[in-house]
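A.B. asks: Please build the complex by placing chain B on the supplied structure of chain A, with the hints as guidance.
Just so you know, the protein sequences line up as chains A and B, in that order. Each number in the working numbering corresponds to the 1-based position in the first sequence with 27 added. Each number in the working numbering corresponds to the 1-based position in the second sequence with 13 added.
Think of the hints as simulated: they come from the structure by calculation, not from any bench. A few of these clues could be false.
When the alpha-carbon atoms are kept at most 27 Å apart in a straight line, the in silico DSS-like pairs for lysine-lysine are as follows [unchecked claim]:
#1 B/LYS212 / B/LYS190
#2 B/LYS147 / B/LYS127
#3 A/LYS349 / B/LYS212
#4 A/LYS348 / B/LYS216
#5 B/LYS217 / A/LYS349
#6 A/LYS218 / B/LYS55
Listing some non-contacts, in silico: residues in chain A with all C-beta distances to chain B over 12 Å [what the hints assert, rightly or not]:
#7 LEU41
#8 ILE126
#9 ARG137
#10 TYR180
#11 GLY219
#12 PRO259
#13 LEU292
#14 GLN323
Here are some chain A residues pointing at chain B (derived, C-beta under 10 Å) [said to hold, decoys possible]:
#15 TRP195
#16 LYS218
#17 ASP225
Cβ atoms here follow ideal geometry from the backbone N, Cα and C, with glycine treated the same way.
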Amino acid sequence: MELSRILTQALAELIAPTTAAIALAAIGLNLHFGFTGLLNMGQAGFMLLGAYGFGIATISGAPFWLALLISLAAGALFALILGAPTLQLRGDYLAIVTISAAEIIRMLGRATVFQEYTGGAAGLTGGSFKSTFQELSFLPAPPERGAFGPLEYVFTGSDSWWTRLFAWAVVLIAVVFVWLLTRSPWGRVLKGIREDEDAVRALGKNVFSYKMQALVLGGMCGSLAGMLYVLPRSVAPDAMGRSLTFFAWTVLLLGGAATLFGPVLGSMLFYAVYMLLRAGMREGLEGVVSATMVEQIGGLLVGVTLMLLVIFRPQGILGNKKELAFDAR
Amino acid sequence: MPDETTENKVTEVSDVPEATDVPESTVEALDTVERSDTEAAKAAEHVLAAVEPTVGVSKPDPILVVDDVQRRFGGMTAVDVDHLEVQRGVITALIGPNGAGKTTFFNLLTGFDKPNQGSWAFEGKPLGGVSAAKVARNGMVRTFQLTKALSRLTVLQNMLLAAMGNPGENLFGSLVKPLWAGTEKKNTEKALEILARFKLDAKKDDFAGSLSGGQRKLLEMARALMTDPTMIMLDEPMAGVNPALVQSLLHHIQALRDDGMTVLFVEHDMHAVRHISDWVVVMAEGKIVAEGPPKSVMQDQAVVDAYLGAHHDTDLGDDSLLDPAVLARLEAEEEKR
Numbered sequence: 028m029e030l031s032r033i034l035t036q037a038l039a040e041l042i043a044p045t046t047a048a049i050a051l052a053a054i055g056l057n058l059h060f061g062f063t064g065l066l067n068m069g070q071a072g073f074m075l076l077g078a079y080g081f082g083i084a085t086i087s088g089a090p091f092w093l094a095l096l097i098s099l100a101a102g103a104l105f106a107l108i109l110g111a112p113t114l115q116l117r118g119d120y121l122a123i124v125t126i127s128a129a130e131i132i133r134m135l136g137r138a139t140v141f142q143e144y145t146g147g148a149a150g151l152t153g154g155s156f157k158s159t160f161q162e163l164s165f166l167p168a169p170p171e172r173g174a175f176g177p178l179e180y181v182f183t184g185s186d187s188w189w190t191r192l193f194a195w196a197v198v199l200i201a202v203v204f205v206w207l208l209t210r211s212p213w214g215r216v217l218k219g220i221r222e223d224e225d226a227v228r229a230l231g232k233n234v235f236s237y238k239m240q241a242l243v244l245g246g247m248c249g250s251l252a253g254m255l256y257v258l259p260r261s262v263a264p265d266a267m268g269r270s271l272t273f274f275a276w277t278v279l280l281l282g283g284a285a286t287l288f289g290p291v292l293g294s295m296l297f298y299a300v301y302m303l304l305r306a307g308m309r310e311g312l313e314g315v316v317s318a319t320m321v322e323q324i325g326g327l328l329v330g331v332t333l334m335l336l337v338i339f340r341p342q343g344i345l346g347n348k349k350e351l352a353f354d355a356r
Numbered sequence: 014m015p016d017e018t019t020e021n022k023v024t025e026v027s028d029v030p031e032a033t034d035v036p037e038s039t040v041e042a043l044d045t046v047e048r049s050d051t052e053a054a055k056a057a058e059h060v061l062a063a064v065e066p067t068v069g070v071s072k073p074d075p076i077l078v079v080d081d082v083q084r085r086f087g088g089m090t091a092v093d094v095d096h097l098e099v100q101r102g103v104i105t106a107l108i109g110p111n112g113a114g115k116t117t118f119f120n121l122l123t124g125f126d127k128p129n130q131g132s133w134a135f136e137g138k139p140l141g142g143v144s145a146a147k148v149a150r151n152g153m154v155r156t157f158q159l160t161k162a163l164s165r166l167t168v169l170q171n172m173l174l175a176a177m178g179n180p181g182e183n184l185f186g187s188l189v190k191p192l193w194a195g196t197e198k199k200n201t202e203k204a205l206e207i208l209a210r211f212k213l214d215a216k217k218d219d220f221a222g223s224l225s226g227g228q229r230k231l232l233e234m235a236r237a238l239m240t241d242p243t244m245i246m247l248d249e250p251m252a253g254v255n256p257a258l259v260q261s262l263l264h265h266i267q268a269l270r271d272d273g274m275t276v277l278f279v280e281h282d283m284h285a286v287r288h289i290s291d292w293v294v295v296m297a298e299g300k301i302v303a304e305g306p307p308k309s310v311m312q313d314q315a316v317v318d319a320y321l322g323a324h325h326d327t328d329l330g331d332d333s334l335l336d337p338a339v340l341a342r343l344e345a346e347e348e349k350r
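Just chain A, with the same shape it has in the complex (with noise of 0.2 Å):
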């Protein structure tokens, strides 16, 4: 009884909203990390703010495509801003000034300064911004309830088909232009860059330039992410912090870094075994350790994750380890 309840739970974790923001998020890491060499330490600081550039146009009267837009315009401005004064410099430079300005967005989240906007460290409550979002259903409208297996949820709502339904829809849409964009001779100057910028700057290429569209690409993708995020819940700043940055990580070296459904993949796997475990020990272990402790316990098996995937399996699932074994840098 217990474990068909434990693998439901695993099993809606496959196709949760969050699983698909968190999809989203990693291809635009892929896009940075996986065929240009970008390090963006970042990417929770994009997803945050395309989930308050959503959340305070929706707030401030703008339909939901106009809000759409404006959330991937701040993401794209974060980039802009942030790529060029380092994309000149070595790649580690991108790393730590995307991590600090991840922390800056947040810290300015949270601060009084902007609570008319942001809503301080409470954020914004779900009801505020989702009513645009949620009139685009065109399934049935709540209460109405639909099953599918095990799982059933309301059509409409915060937490619900349409919810799922749309972030993943997105989520399709992204892999589609990564594809398209991949194979392109685009893309192969991308992964030049990668491999080796001085090479690609001598056969005529602007370096600086490419880097620069992946970087505001990628961005977008992890605004958008957290547009996603938000949707079946709040826009909370202390939920979108350094350690969603590192869930990303882990989804797509997991899913496997330059591949085209690694960070599907991944964040699937991921979330499902993360939620397995949890679960797991919440009623395996109960009594003997606290529902916060196995939270805590679920983050640090993360971390450890990480770490194992780097040295053991660099390449993730879909990766191809003959590709990865010339890494001579």
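C.D. replies: Chain B in isolation, oriented as in the chain A frame:
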């Protein structure tokens, strides 16, 4: 054209060919290299025969003119070139002992470093302060001393990457395959043709990272050719290459000239340049100390001094060095230089 035996070694370096034609050392390998007797080679020799072998001499048809270029690192002047002209369509070797500033000078010319002062013009167009990518787009393409093969790209991808003006390299153009499929096909044909010339066509689908050091040098040269350069700049093409491959590399360099390109290459080994270059420029301590045809420039006193030191034949164990008068004379000589 290179003969069959030397060419085969490009792909079969690990094989053991007949003992008789395996050069034991690089010097031996170089001695067996013959100057190609094509029209281009003869024309190059002929046109340069009339040029006076003095530093900064003007050439009949210079493709690159350098004026007063200086690069300082702190108090050290790494490059200080007053005037240099590089003749079009010939192989010019830039030699000098280690630390002479050859590679720094190279980096300046190709936009990988910025000089403290000076200007230079390539085909009449000033290139000072122009970015490395633009320099390459203007037709001056370089290779690197430490080979930069793009390891996790296949050999063919390495080649295709180098092609210029592909509409698919534009972000928006890349999304629509029909826009670039034609260019890609044409480039692939051209790439395979060049790869065949370098005997790398069998390796086209291998990752560049799996090639041997010498093959990477060849790939880098082939890749540079994909850009249709007017002038090709090779930074120590022979460094770290096994003797068997050196011969074939030298043949390839001569073939570049015979195809109408201008070649400027850096080398610190005097032997390497003697056989194939049409003109030699010698650098020492950042300055150009001599230039001229390979045969005569090696006899130049300034070159001998640069390589061996001005007092290389002075016996340090000689008791006469203890004589203050002799020391004073030597010091005076040193001052004059």
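A.B. asks: Now tell me if each hint is right for this structure.
C.D. replies: Now for the hints, and whether the structure bears them out:
no. : hint                : result
1   : B/LYS212 / B/LYS190 : 31 Å, violated
2   : B/LYS147 / B/LYS127 : 14 Å, holds
3   : A/LYS349 / B/LYS212 : 24 Å, holds
4   : A/LYS348 / B/LYS216 : 19 Å, holds
5   : B/LYS217 / A/LYS349 : 16 Å, holds
6   : A/LYS218 / B/LYS55  : 43 Å, violated
7   : LEU41               : 30 Å, holds
8   : ILE126              : 26 Å, holds
9   : ARG137              : 36 Å, holds
10  : TYR180              : 35 Å, holds
11  : GLY219              : 5 Å, violated
12  : PRO259              : 31 Å, holds
13  : LEU292              : 21 Å, holds
14  : GLN323              : 38 Å, holds
15  : TRP195              : 22 Å, violated
16  : LYS218              : 6 Å, holds
17  : ASP225              : 6 Å, holds
Checked against the numbered hints given earlier, this structure breaks hints 1, 6, 11, 15; the rest are met.
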